[in-house]
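A.B. asks: Chains as they are written, first to last, in this note's numbering: chain W, 1 to 300; chain R, 1 to 303.
Keep in mind the hints are simulated off the structure, nothing from the lab. One should not assume that every hint holds.
[Said to hold, decoys possible] Below, computed lysine-lysine pairings styled on PhoX-like, alpha-carbon distance capped at 20 Å:
1. W/Lys202 <-> R/Lys52
2. R/Lys122 <-> W/Lys74
3. R/Lys32 <-> R/Lys296
4. W/Lys258 <-> W/Lys48
5. W/Lys202 <-> W/Lys258
6. R/Lys133 <-> R/Lys155
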Amino acid sequence: MKIAIASGKGGTGKTTIATSMALSLVEIGKVVYLDCDVEAPNGHLFLKPEFTRTQDAVIRIPQIQADRCTLCGKCVEVCQFHALAKVGKTIMVFPQLCHGCGSCTWNCPEGAIFEVPNPIGVLESGVTPGEIHFSRGQLTISEPMATPIIRQLKRHEQPPDTAVVILDAPPGASCSVVETLRGCDYALLVTEPTPFGLHDLKQMQGIVQEMHIPAGVIINRVNGEYKELDDYLAEKNLPVLLRIPYDRRIAEGVARGKTLQQIYPEYRITLQVLYETFIVEKPIPGFSGEAFFDETTCHP
Amino acid sequence: MRQLVILSGKGGTGKTSIGAVFAHLQSVADSKPRAVMVDADVDAANLSLVLKPDQSERSEFWGGSLAEIDTTLCTGCESCKAVCRYDAIFPNPNDGNICWIDPVACDGCAACVYACPTDAIKMVVQQEGYWFKSETPYGTLFHAELFPGRENSGKLVTLVKQHARLWAEDTSTSLVIIDGPPGIGCPVISACAGADLGLIVTEPSLAGLHDLIRIQATLHHFRVPQVICINKADIYTEGARQIREFALEKGVQILGEIPFDESISHSMLMGSPVTEAYPQAQASRTIEKIWEQTVKLLTSLDG
Numbered sequence: 001m002k003i004a005i006a007s008g009k010g011g012t013g014k015t016t017i018a019t020s021m022a023l024s025l026v027e028i029g030k031v032v033y034l035d036c037d038v039e040a041p042n043g044h045l046f047l048k049p050e051f052t053r054t055q056d057a058v059i060r061i062p063q064i065q066a067d068r069c070t071l072c073g074k075c076v077e078v079c080q081f082h083a084l085a086k087v088g089k090t091i092m093v094f095p096q097l098c099h100g101c102g103s104c105t106w107n108c109p110e111g112a113i114f115e116v117p118n119p120i121g122v123l124e125s126g127v128t129p130g131e132i133h134f135s136r137g138q139l140t141i142s143e144p145m146a147t148p149i150i151r152q153l154k155r156h157e158q159p160p161d162t163a164v165v166i167l168d169a170p171p172g173a174s175c176s177v178v179e180t181l182r183g184c185d186y187a188l189l190v191t192e193p194t195p196f197g198l199h200d201l202k203q204m205q206g207i208v209q210e211m212h213i214p215a216g217v218i219i220n221r222v223n224g225e226y227k228e229l230d231d232y233l234a235e236k237n238l239p240v241l242l243r244i245p246y247d248r249r250i251a252e253g254v255a256r257g258k259t260l261q262q263i264y265p266e267y268r269i270t271l272q273v274l275y276e277t278f279i280v281e282k283p284i285p286g287f288s289g290e291a292f293f294d295e296t297t298c299h300p
Numbered sequence: 001m002r003q004l005v006i007l008s009g010k011g012g013t014g015k016t017s018i019g020a021v022f023a024h025l026q027s028v029a030d031s032k033p034r035a036v037m038v039d040a041d042v043d044a045a046n047l048s049l050v051l052k053p054d055q056s057e058r059s060e061f062w063g064g065s066l067a068e069i070d071t072t073l074c075t076g077c078e079s080c081k082a083v084c085r086y087d088a089i090f091p092n093p094n095d096g097n098i099c100w101i102d103p104v105a106c107d108g109c110a111a112c113v114y115a116c117p118t119d120a121i122k123m124v125v126q127q128e129g130y131w132f133k134s135e136t137p138y139g140t141l142f143h144a145e146l147f148p149g150r151e152n153s154g155k156l157v158t159l160v161k162q163h164a165r166l167w168a169e170d171t172s173t174s175l176v177i178i179d180g181p182p183g184i185g186c187p188v189i190s191a192c193a194g195a196d197l198g199l200i201v202t203e204p205s206l207a208g209l210h211d212l213i214r215i216q217a218t219l220h221h222f223r224v225p226q227v228i229c230i231n232k233a234d235i236y237t238e239g240a241r242q243i244r245e246f247a248l249e250k251g252v253q254i255l256g257e258i259p260f261d262e263s264i265s266h267s268m269l270m271g272s273p274v275t276e277a278y279p280q281a282q283a284s285r286t287i288e289k290i291w292e293q294t295v296k297l298l299t300s301l302d303g
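Sequences and hints are given; from them, build the entire structure.
C.D. replies: Dropping the structure here:
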């Protein structure tokens, strides 16, 4: 079961939910946590893994063998990203524009191109004190491309099918979020009841709909009613799985690196029930999740 | 003409709330300099929700191309699949004997176009969003809307900034204020290209500090002079202390510390800058001071 935690808007509580979810579900079975917010990864601050394996995240960029190159310009022509240019009597490579697709290598009539790894970030893995298998990608400062790192992070971990994989998505609603969501079984969309939260939730809804990924919503920092959001969720038939009230104690705790269940231990069970009821849809026998959540508009 | 870019690393620290206040303050009578606003967070564009345009001119944004297979020419040989590094080639859902390219997975590299022996694959240019020039009660706003899940957000950021700059030159507007995206990657690099000053909005939390370090290093790398303001400064005093220590170590000036103030979230719910909704609130007064200092710094650049 692969669950992505996404939001569109930044700072709505993705990492708070993702880390707390991981801590709750590790009591049920194996949990793998992938921090896919490679530009600003924060999951490790809460789960505190000990990283034992590190490897470079790389893009394979072309290297031209000058003795074989006839300057025919085929590589420049086929590159869609303007990463190659013919300048005088050499072919120049611009590593930060290269997507590592290999097209120039295959299309060179002289076989003059071979590929060398160009590191753009690192992948790190380890286990947390709570036995969560934690991996993260981290984009190197000044490198532009986050998406290849997310792709490699997801390939890097091959968890058993029985494991629950939690993917903490980056903010926004562009290609890096799509890469995180690819192959996921469920998307947990975290929003807040504000015009900003709603606007960006709509972007996320557009993505999960196009990708045919089932989704549910967690509304964070609930402070009174925000009808526009409720109307939108009803219109799109998006279920609300949990409402977390606006509470300065949570904000202060999270700022200090505490997880939701360290601040309010009740959330441990809440998130387990949420998972069983809405995500795997196998309610605990004799326990009505629906009723449980109907009453849980405040802290459990 | 000067460019100010507002960034944060971590999302949700208050970039847009502060950008909206700057838009308000530059618009009041006798204000100098006058500014044009840019929302450079194109895949979660929120500034227009506060500035509420009266009217907009909309233009299409055509970004990169994606590969498409002509089903009448494809023989299902899978030469395309052999070269695709994005796992984008699948059996066609309507005819399993030929290939299909998943547009969500396609990176637009065209390797398959050259690999196909029957010339069945073509690159098709994609409309990836819109950009707008809008008139708001606070002046002109350039913003954009990337269609959900699309690529090339950096390209779109560059495009809206370009139009804003040209407009500023034409109208002798002396300042471009850019509300940037979170993170440190492609769209952030586009947002800070050519900026004269970067204002980093951070918050005193472990995550806020962690991402402050990354955005500070990014701006430093691209040689953009930078200043910091701390939002929700009183939520975690030890965190605020760590930010001050970091700023001192890096020689970055802290322009102000905005207290945790519910008037900011209330004003955002109402859809107006906090300085307009609650001019007497502590947050409003602090951001006003930050604006004054920012203007002073930008003016000093002109010598």
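A.B. asks: Are the hints correct? Go through all of them and say.
C.D. replies: These are the hints, each one checked on the structure:
no., hint, result
1, W/Lys202 <-> R/Lys52, "18 Å, holds"
2, R/Lys122 <-> W/Lys74, "18 Å, holds"
3, R/Lys32 <-> R/Lys296, "10 Å, holds"
4, W/Lys258 <-> W/Lys48, "11 Å, holds"
5, W/Lys202 <-> W/Lys258, "29 Å, violated"
6, R/Lys133 <-> R/Lys155, "17 Å, holds"
Hint check: a violation occurs at hint 5 only; the rest are consistent with the structure.
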